[in-house]
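**Q** Letter by letter, the chains look like this.
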Amino acid sequence: MKEIMQGNSAIARGAWEAGVKVAAAYPGTPSSEILREIAEKYPEIYAEWAPNEKVAVEVASGAAIAGARSMASMKHVGMNVAADPFMTLAYTGIKGGLVIVVADDPNVHSSQNEQDSRNWARFAKVPMLEPADAQECKDFIKIAFEISEQFDTPVLVRTETRVAHSDSPVVLEERKESPIPLGLDRKEAPKYVMVPINVRVRRKFVEERMKKLESYADTFKYNTMEINSREIGVITSGVSYLYTREVFPQYSYLKLGMVWPLPKKMIANFYKKVKKVIVVEELDPFLETEIKALGYKVFHGKDLIPNMYELSPEIVEQSLKGKAYKPPKIRVKPEDLPRRPPNMCAGCSHRPLFYALKKLGAFVFGDIGCYTLATAPPLQALHSCVCMGASIGEAHGAMKALGKDGMGKVCAVIGDSTFLHGGVGPLMDVVYNKGNSTTIILDNRITGMTGHQEHPGTGFTARGEPTHMVDYEELGKALGVKSIRKINPYNIQQTMEVVKEEMEKDEPSLIICENSPCIMLRRAKPLEKFAHPVYVINKEKCRGCKMCLEIGCPAISWEEGEGMTVDGHKRKGTVFINKDICVGCEVCAQICKFDAIVPGTK
Amino acid sequence: MKKKTTKKPIKKPVKKAIKKPVKKVQEDGRVVNIFLSGVGGQGTILASNILAEVFLKAGYDVKKSEVHGMAQRGGDVTTHFRFGKKVYSPLIKYGDVDFLLSFELLEAMRYINWVKPTGKILINKQEIYPPAVNLGMAQYPGDVEETFKKFFKDNVYVINGQEIARNLGNVQAANVVLIGAFSNFFPEVTEEQWIEAIKGLLAPKLHDLNVRAFAEGRRAL
Numbered sequence: 001m002k003e004i005m006q007g008n009s010a011i012a013r014g015a016w017e018a019g020v021k022v023a024a025a026y027p028g029t030p031s032s033e034i035l036r037e038i039a040e041k042y043p044e045i046y047a048e049w050a051p052n053e054k055v056a057v058e059v060a061s062g063a064a065i066a067g068a069r070s071m072a073s074m075k076h077v078g079m080n081v082a083a084d085p086f087m088t089l090a091y092t093g094i095k096g097g098l099v100i101v102v103a104d105d106p107n108v109h110s111s112q113n114e115q116d117s118r119n120w121a122r123f124a125k126v127p128m129l130e131p132a133d134a135q136e137c138k139d140f141i142k143i144a145f146e147i148s149e150q151f152d153t154p155v156l157v158r159t160e161t162r163v164a165h166s167d168s169p170v171v172l173e174e175r176k177e178s179p180i181p182l183g184l185d186r187k188e189a190p191k192y193v194m195v196p197i198n199v200r201v202r203r204k205f206v207e208e209r210m211k212k213l214e215s216y217a218d219t220f221k222y223n224t225m226e227i228n229s230r231e232i233g234v235i236t237s238g239v240s241y242l243y244t245r246e247v248f249p250q251y252s253y254l255k256l257g258m259v260w261p262l263p264k265k266m267i268a269n270f271y272k273k274v275k276k277v278i279v280v281e282e283l284d285p286f287l288e289t290e291i292k293a294l295g296y297k298v299f300h301g302k303d304l305i306p307n308m309y310e311l312s313p314e315i316v317e318q319s320l321k322g323k324a325y326k327p328p329k330i331r332v333k334p335e336d337l338p339r340r341p342p343n344m345c346a347g348c349s350h351r352p353l354f355y356a357l358k359k360l361g362a363f364v365f366g367d368i369g370c371y372t373l374a375t376a377p378p379l380q381a382l383h384s385c386v387c388m389g390a391s392i393g394e395a396h397g398a399m400k401a402l403g404k405d406g407m408g409k410v411c412a413v414i415g416d417s418t419f420l421h422g423g424v425g426p427l428m429d430v431v432y433n434k435g436n437s438t439t440i441i442l443d444n445r446i447t448g449m450t451g452h453q454e455h456p457g458t459g460f461t462a463r464g465e466p467t468h469m470v471d472y473e474e475l476g477k478a479l480g481v482k483s484i485r486k487i488n489p490y491n492i493q494q495t496m497e498v499v500k501e502e503m504e505k506d507e508p509s510l511i512i513c514e515n516s517p518c519i520m521l522r523r524a525k526p527l528e529k530f531a532h533p534v535y536v537i538n539k540e541k542c543r544g545c546k547m548c549l550e551i552g553c554p555a556i557s558w559e560e561g562e563g564m565t566v567d568g569h570k571r572k573g574t575v576f577i578n579k580d581i582c583v584g585c586e587v588c589a590q591i592c593k594f595d596a597i598v599p600g601t602k
Numbered sequence: 001m002k003k004k005t006t007k008k009p010i011k012k013p014v015k016k017a018i019k020k021p022v023k024k025v026q027e028d029g030r031v032v033n034i035f036l037s038g039v040g041g042q043g044t045i046l047a048s049n050i051l052a053e054v055f056l057k058a059g060y061d062v063k064k065s066e067v068h069g070m071a072q073r074g075g076d077v078t079t080h081f082r083f084g085k086k087v088y089s090p091l092i093k094y095g096d097v098d099f100l101l102s103f104e105l106l107e108a109m110r111y112i113n114w115v116k117p118t119g120k121i122l123i124n125k126q127e128i129y130p131p132a133v134n135l136g137m138a139q140y141p142g143d144v145e146e147t148f149k150k151f152f153k154d155n156v157y158v159i160n161g162q163e164i165a166r167n168l169g170n171v172q173a174a175n176v177v178l179i180g181a182f183s184n185f186f187p188e189v190t191e192e193q194w195i196e197a198i199k200g201l202l203a204p205k206l207h208d209l210n211v212r213a214f215a216e217g218r219r220a221l
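From first to last, the protein sequence lines are chains A and B. FYI, my numbering numbers position 585 of the first sequence as 585, with every residue one higher than the one before it. FYI, my numbering numbers position 24 of the second sequence as 24, with every residue one higher than the one before it.
Certain hints may be false.
As the list claims (entries may be wrong) - Derived pair list, reagent style PhoX-like, types lysine-lysine, alpha-carbon separation capped at 20 angstroms: (1) B/150 to A/333; (2) B/116 to A/333; (3) A/500 to A/358; (4) A/302 to A/333; (5) B/149 to A/329; (6) B/86 to A/329; (7) A/2 to B/150; (8) A/2 to B/86.
These aren't lab readings, by the way, just hints derived from the structure by calculation.
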């Protein structure tokens with residue numbers, strides 16, 4: 001039976017068909033749907049949201065050592081967090097198959113960098129597969145488990161946005177349980193205890209395994225050759241193959257399903273069949289460098305193909321054709337049109353908080369989440385964003401550098417899920433090292449940006465079962481924070497007062513946003529706390545001062561038109577509140593100095 | 001139930017005999033490129049899912065690609081949808097769009113260069129202001145329809161999906177109204193095939209509304 005599936009859904013399906021028993025992940029675009037699908041559709045697999053990617057890999061590897069087929073999935077930067085267990089698991093190997101799915105994001109559609117995950121495979125000396133479409137996602141996951149068990153190695157499967165988030169037909173098959181029996185064996189300790197004497201043994205094993213994998217790559221059925229032109233052959237993989245095959249059907253192709261290690265004999269054979277070889281790959285010259293290192297001449301590679309952002313059919317065509325490429329006619333210059341950047345939702349609890357921080361003139365060390373959008377105009381109230389959890393350590397470091405000059409001017413903001421992912425350690429550091437920085441937890445009761453995944457602070461598991469909920473206040477206390485305050489971010493005045501006081505204190509402060517769930521999180525009934533369903537403009541009073549536009553609410557817009565208020569103030573226009581978008585959060589009404597924003601009815 | 005089984009063999013040859021050669025959009029294994037654009041929350045994803053179901057069931061290879069992640073937060077949303085005998089790239093080549101289905105006027109204009117000179121365009125007459133326009137810092141383009149007509153003449157269709165859906169009792173069905181109108185571009189697919197796909201993707205309680213929305217949209221062109 002054929003079904004249309006997203007790449008991520010096909011990965012979930014592949015895991016199920018492969019007999020996977022344990023799957024763990026931390027959400028991250030474009031990988032999040034993998035675990036969600038598993039949790040929703042495949043009860044035979046134990047599925048969990050781990051607090052971060054390192055934990056996810058550790059959970060999966062523990063299950064693998066116990067003999068179960070297991071999988072961890074994450075976005076590319078998640079691999080940085082998971083690198084610690086991953087690099088050594090490459091030595092210990094596994095018992096049940098262990099597959100780590102890592103989803104890259106060329107062109108950074110929703111990420112903080114553009115790193116090329118293929119480098120991890122070479123770095124850790126483990127095999128990596130790279131599917132091109134949904135059918136391959138499913139097939140490659142299944143064969144990845146076979147490779148993992150056959151060669152006693154974790155296997156990486158790399159996708160990217162256009163594979164993970166593209167849909168194409170997939171042939172469904174049944175689940176097959178793994179033949180490996182479950183169980184732990186104490187006698188296997190030397191394989192799993194990575195102390196130097198054991199490491200040296202495993203180190204040698206890793207090299208021997210790599211040699212075996214190299215020969216395997218030459219017979220790997222998803223490394224395929226398609227001979228058309230004898231003139232030009234293309235070595236490529238994944239979605240880059242699809243783009244190139246689309247625009248240059250006349251060329252010959254060596255499509256690599258396994259991008260590490262490379263199939264040396266196949267490459268030699270391909271070079272015999274075609275005169276010139278072009279390497280087409282996204283991001284780093286990974287294949288190109290390796291092919292050149294084998295002593296081959298690469299006719300074209302990164303000299304023409306961009307090494308940044310994503311590829312596309314026209315980019316591949318234009319790069320390889322050069323001046324012969326005829327671009328389509330420009331009818332309208334897109335740069336003349338107003339852009340439509342993502343914005344915080346109407347009624348979002350982050351908006352009043354960042355408005356308050358802006359009014360306080362604070363330098364805000366930010367973190368990863370929806371609230372990163374506060375850096376955009378008109379708010380422009382977030383001034384740094386590096387990686388999950390970085391805000392707290394950075395604010396601490398800045399305060400240590402600035403000393404007294406920093407007092408009252410610096411804070412860190414971090415979402416609930418991000419805090420639990422990577423913020424607890426840094427907060428411990430602030431207290432331990434006698435810091436005085438202020439940390440604000442923007443608790444919206446869910447992992448927001450990636451589409452509402454549960455985490456240890458939501459009270460629910462990945463399958464929606466009720467569970468323990470982290471209490472941020474108790475956690476802060478246990479870490480040694482003495483000054484812990486709770487705020488209602490929708491009260492701008494109170495928020496400003498509390499944040500100002502805490503930033504001025506010469507001790508670590510923790511501020512927790514309370515009763516501020518994500519406006520899209522229905523189960524938390526986010527709209528119930530608002531006294532009115534909607535606010536409207538009283539045109540008799542609106543002076544057109546544009547103060548309310550400073551919060552960047554999608555419901556509020558400017559309407560040009562000279563006029564006058566009832567009490568005789570001239571104006572150049574008024575604002576307008578779109579009732580279909582407004583949810584009645586009252587934030588704009590708090591800002592209006594002329595009482596021109598008043599409760600209305602839907 | 002019994003009736004059905006007896007009916008079928010009789011119906012088939014009759015149907016074949018009357019069948020006139022329908023002009024297919026898809027010829028000789030050529031891949032057809034459909035580009036959808038809109039704003040997060042407008043339901044473009046359901047619309048593209050309907051397309052994917054319909055053309056997969058009609059026996060084609062299909063590929064669909066969209067960027068997720070920030071769609072809920074008011075950003076622009078685009079979907080590349082392709083069908084044909086064998087589809088390689090999940091992305092349409094710039095300038096190769098056969099059909100543009102846009103849920104919002106500005107988001108139609110943004111992709112005008114993507115459409116082939118012979119392409120067909122269906123635009124939903126709705127304006128959703130982006131932040132810069134809300135702030136009074138940029139102008140919303142007022143000439144979208146005229147611009148498209150200048151380049152594409154009679155191949156431009158504009159309907160008000162929201163209005164049609166509101167008259168049906170739920171403005172949320174505007175996306176299916178648009179799919180209804182869009183379905184006219186594909187004479188080789190029957191109304192039943194479209195409705196089957198819509199029903200397959202929606203909860204039963206939404207069937208009635210959306211089937212009506214589809215029918216209204218199909219009539220609107």
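**Q** Below or equal to 20 angstroms on CA atoms is what counts here, so check residue 86 of chain B against residue 329 of chain A.
**A** Judged against 20 angstroms, a Cα distance of about 28 angstroms means the pair is violated.
**Q** Going straight from one Cα to the other, do residue 116 of chain B and residue 333 of chain A come out at no more than 20 angstroms?
**A** OK: residue 116 of chain B and residue 333 of chain A at ~16 angstroms, within 20 angstroms.
**Q** For a C-alpha distance cap of 20 angstroms, please report whether residue 2 of chain A and residue 150 of chain B respect it.
**A** Violated - the C-alpha atoms of residue 150 of chain B and residue 2 of chain A are around 43 angstroms apart, more than 20 angstroms.
**Q** Take the C-alpha atoms of residue 500 of chain A and residue 358 of chain A, compute the straight-line distance between them, and say whether it is at most 20 angstroms.
**A** Given that 20 angstroms is the threshold and the Cα spacing comes to 12 angstroms, the pair holds.
**Q** Taking 20 angstroms as the top limit, are the C-alpha atoms of residue 302 of chain A and residue 333 of chain A close enough?
**A** violated (29 angstroms)
**Q** Between residue 150 of chain B and residue 333 of chain A, is the straight-line Cα distance small enough, at 20 angstroms or below?
**A** Given pair residue 150 of chain B, residue 333 of chain A holds - Cα atoms ~15 angstroms apart, limit 20 angstroms.
**Q** Between residue 2 of chain A and residue 86 of chain B, is the straight-line Cα distance small enough, at 20 angstroms or below?
**A** holds (15 angstroms)
**Q** For a C-alpha distance cap of 20 angstroms, please report whether residue 149 of chain B and residue 329 of chain A respect it.
**A** holds (16 angstroms)
Consistency with the previously given hints fails for numbers 4, 6, 7, ordered from lowest to highest.
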